[in-house]
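Make a model of the complete structure from these sequences and hints.
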Amino acid sequence: MKLKIEGVLPAIVTPFKGDGSLNLEAFSSLVEWLLKAGVSGVVVAGTTGEFPYLSMEEKAKLFEQASSLLSGRALFVAGACAPSTREAVEVAHLAERCGADALLVVSPYYFKPTDKEVYEHYERVVSQTAAPVILYNIPQLTGYSIPWWVVEGLAELDGVAGIKDSSGSIAYLSTLYEKVGGRLSILCGSGEVMVGALAAGVDGLILAAANVLPEELVEIYRLFKEGRVAEARELQRRIQTVLRLIGRHGASAVKACLRAMGFDVGHTRLPLIQGGSPPYDVEMELLSRLSKLGKVSFKPTVKDFTLLVGQALTTLGSVDLAHIDLVAGLEDGPVGEAFREALREENPARKPALVDTKPRVAVVSTTPLVKERHRQ
Numbered sequence: 047m048k049l050k051i052e053g054v055l056p057a058i059v060t061p062f063k064g065d066g067s068l069n070l071e072a073f074s075s076l077v078e079w080l081l082k083a084g085v086s087g088v089v090v091a092g093t094t095g096e097f098p099y100l101s102m103e104e105k106a107k108l109f110e111q112a113s114s115l116l117s118g119r120a121l122f123v124a125g126a127c128a129p130s131t132r133e134a135v136e137v138a139h140l141a142e143r144c145g146a147d148a149l150l151v152v153s154p155y156y157f158k159p160t161d162k163e164v165y166e167h168y169e170r171v172v173s174q175t176a177a178p179v180i181l182y183n184i185p186q187l188t189g190y191s192i193p194w195w196v197v198e199g200l201a202e203l204d205g206v207a208g209i210k211d212s213s214g215s216i217a218y219l220s221t222l223y224e225k226v227g228g229r230l231s232i233l234c235g236s237g238e239v240m241v242g243a244l245a246a247g248v249d250g251l252i253l254a255a256a257n258v259l260p261e262e263l264v265e266i267y268r269l270f271k272e273g274r275v276a277e278a279r280e281l282q283r284r285i286q287t288v289l290r291l292i293g294r295h296g297a298s299a300v301k302a303c304l305r306a307m308g309f310d311v312g313h314t315r316l317p318l319i320q321g322g323s324p325p326y327d328v329e330m331e332l333l334s335r336l337s338k339l340g341k342v343s344f345k346p347t348v349k350d351f352t353l354l355v356g357q358a359l360t361t362l363g364s365v366d367l368a369h370i371d372l373v374a375g376l377e378d379g380p381v382g383e384a385f386r387e388a389l390r391e392e393n394p395a396r397k398p399a400l401v402d403t404k405p406r407v408a409v410v411s412t413t414p415l416v417k418e419r420h421r422q
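Converting from the sequence shown to the numbering used here requires adding 46 to each position, the first position being numbered 1.
It is possible that some hints are incorrect.
Claimed, not checked - Keeping only pairs whose Cα atoms sit at most 30 Å apart, straight-line, the calculated DSS-like set for lysine-lysine is: (1) 341 - 82; (2) 107 - 50; (3) 82 - 107; (4) 341 - 271; (5) 271 - 48; (6) 50 - 225; (7) 158 - 82; (8) 271 - 50; (9) 50 - 82; (10) 338 - 82; (11) 107 - 162; (12) 50 - 63; (13) 225 - 271; (14) 225 - 48; (15) 341 - 63; (16) 162 - 50; (17) 158 - 225; (18) 225 - 162; (19) 48 - 82; (20) 82 - 271; (21) 82 - 225; (22) 271 - 338.
Keep in mind that the hints were calculated from the coordinates and are not lab data.
Right, here's the structure in full:
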């Protein structure tokens, strides 16, 4: 009998220390918090776990830690994701030795495979491993979507237990339910379509957003299963912006949220950088939404801040210099109060100018800027 996978499973982030090494203590704290929220399992070293940036040794440490934390408590799904069949099998064997309950195996990427090559990739992985395999369809990153007929063929293999789809396509999920529903566990990997996916027949949810909002996602799943669809839909509406932004910006966005919530998860590994994806305006939008949900709080005052100072010619060909003090802050905070005070000052030589008070606006300087530290 094939493994049945249900409920909410966070695709957990991989915490790093300041020097870039694994932070297993933070990993353990996050796992315990997720378990208290009622999740059914945890997916380790998947896309949100930055699997392409992890060495085999690091995956071994994560798998061993996850196994010790999850054994007998929740499902431990290990990411056996790799561009080649050989490496996928190697990671799968490592995960099995560490006690994984199931393996999440992404379709081959970088070189675009044919349908036959994808089928044979999975067939070889399944034939060389004992743990149940979950197919992983994420075309926005692999450049390839596993056709339903390939999934239908793979469903005949005893070692294939389910499929996770992160495409966000309800039509695709509905087709999977038509073709393999009841034979494979169908798992939705896109939070934006969560309630719609449940209506389409999916069995469970593997989501990056479950790192940040585990209680809400577990509640949505419970409400839907109890037939309280309108309540589930309304709860999703309340958190939809967070789901959308995390879905678009992945691990970097999740880690930004978790840091603000007090989890020492660090940053993503290079080349992913803070302020890249998500950009700072999106990060602030996320934190603002989480603040409204009671997940994070902003400090009421600024104790220490940086002024950006620069100067440039006022116009092309002019010899007159314009001096700039660029300050960014909340309108109802100390920066806003300082600006209002400046507006009351009658000095034509130093006239303040408001750039924008709305979020999601990037100010790009055209002059060299230097930092000056100021204490309030």
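So, going through the hints one by one against the coordinates:
Only pairs whose Cα atoms come within 30 Å are accepted, and residue 341 paired with residue 82 is accepted, the gap being roughly 16 Å. Between residue 107 and residue 50 the CA atoms are separated by roughly 27 Å; this keeps the pair inside 30 Å, and the hint holds. With a C-alpha separation of about 23 Å, the suggested pairing of residue 82 with residue 107 holds against the 30 Å cut-off. Distance hint between residue 341 and residue 271 is fulfilled; the C-alpha atoms sit about 26 Å from each other, no more than 30 Å.
For the hint linking residue 271 to residue 48, the alpha-carbon distance of about 22 Å falls within 30 Å, and the restraint holds. At roughly 17 Å between alpha-carbon atoms, residue 50 and residue 225 fall within 30 Å of each other, so this suggested pair holds. Note on residue 158 and residue 82: the hinted pairing is violated, with a Cα-Cα distance of about 41 Å set against a maximum of 30 Å. Simply put, residue 271 and residue 50 have alpha-carbon atoms about 16 Å apart, close enough for the 30 Å limit, and the pair holds.
Taking the CA atoms of residue 50 and residue 82, the gap is about 22 Å. The hint holds against a cut of 30 Å. About 22 Å separates the Cα atoms of residue 338 and residue 82, which keeps this hinted pair within 30 Å; it holds. With a C-alpha separation of about 34 Å, the suggested pairing of residue 107 with residue 162 is violated against the 30 Å cut-off. Distance restraint check for residue 50 and residue 63: the Cα-Cα separation of roughly 36 Å exceeds the 30 Å cut-off, and the hinted pair is therefore not satisfied.
A distance of roughly 22 Å separates the Cα atoms of residue 225 and residue 271; the hinted pair therefore holds under the 30 Å criterion. Pair hint residue 225 plus residue 48 holds up; C-alpha atoms about 17 Å apart against a cutoff of 30 Å. For the suggested pair residue 341 and residue 63, the alpha carbons sit about 23 Å apart, so the restraint of at most 30 Å is met. Simply put, residue 162 and residue 50 have alpha-carbon atoms about 27 Å apart, close enough for the 30 Å limit, and the pair holds.
Restraint check for residue 158 and residue 225: satisfied, since their Cα atoms lie roughly 25 Å apart, inside the 30 Å limit. Between residue 225 and residue 162 the alpha-carbon distance is near 19 Å, which keeps this suggested pair within the 30 Å criterion. Annotation: proposed proximity of residue 48 to residue 82 holds, straight-line Cα distance about 27 Å (limit 30 Å). Under the criterion of a C-alpha separation no larger than 30 Å, the hint pairing residue 82 with residue 271 is consistent with the structure, at around 20 Å.
The hinted pair formed by residue 82 and residue 225 fails the criterion: a straight-line CA distance of about 35 Å is larger than 30 Å. Restraint check for residue 271 and residue 338: the C-alpha separation of about 27 Å stays at or below 30 Å, so the hint holds.
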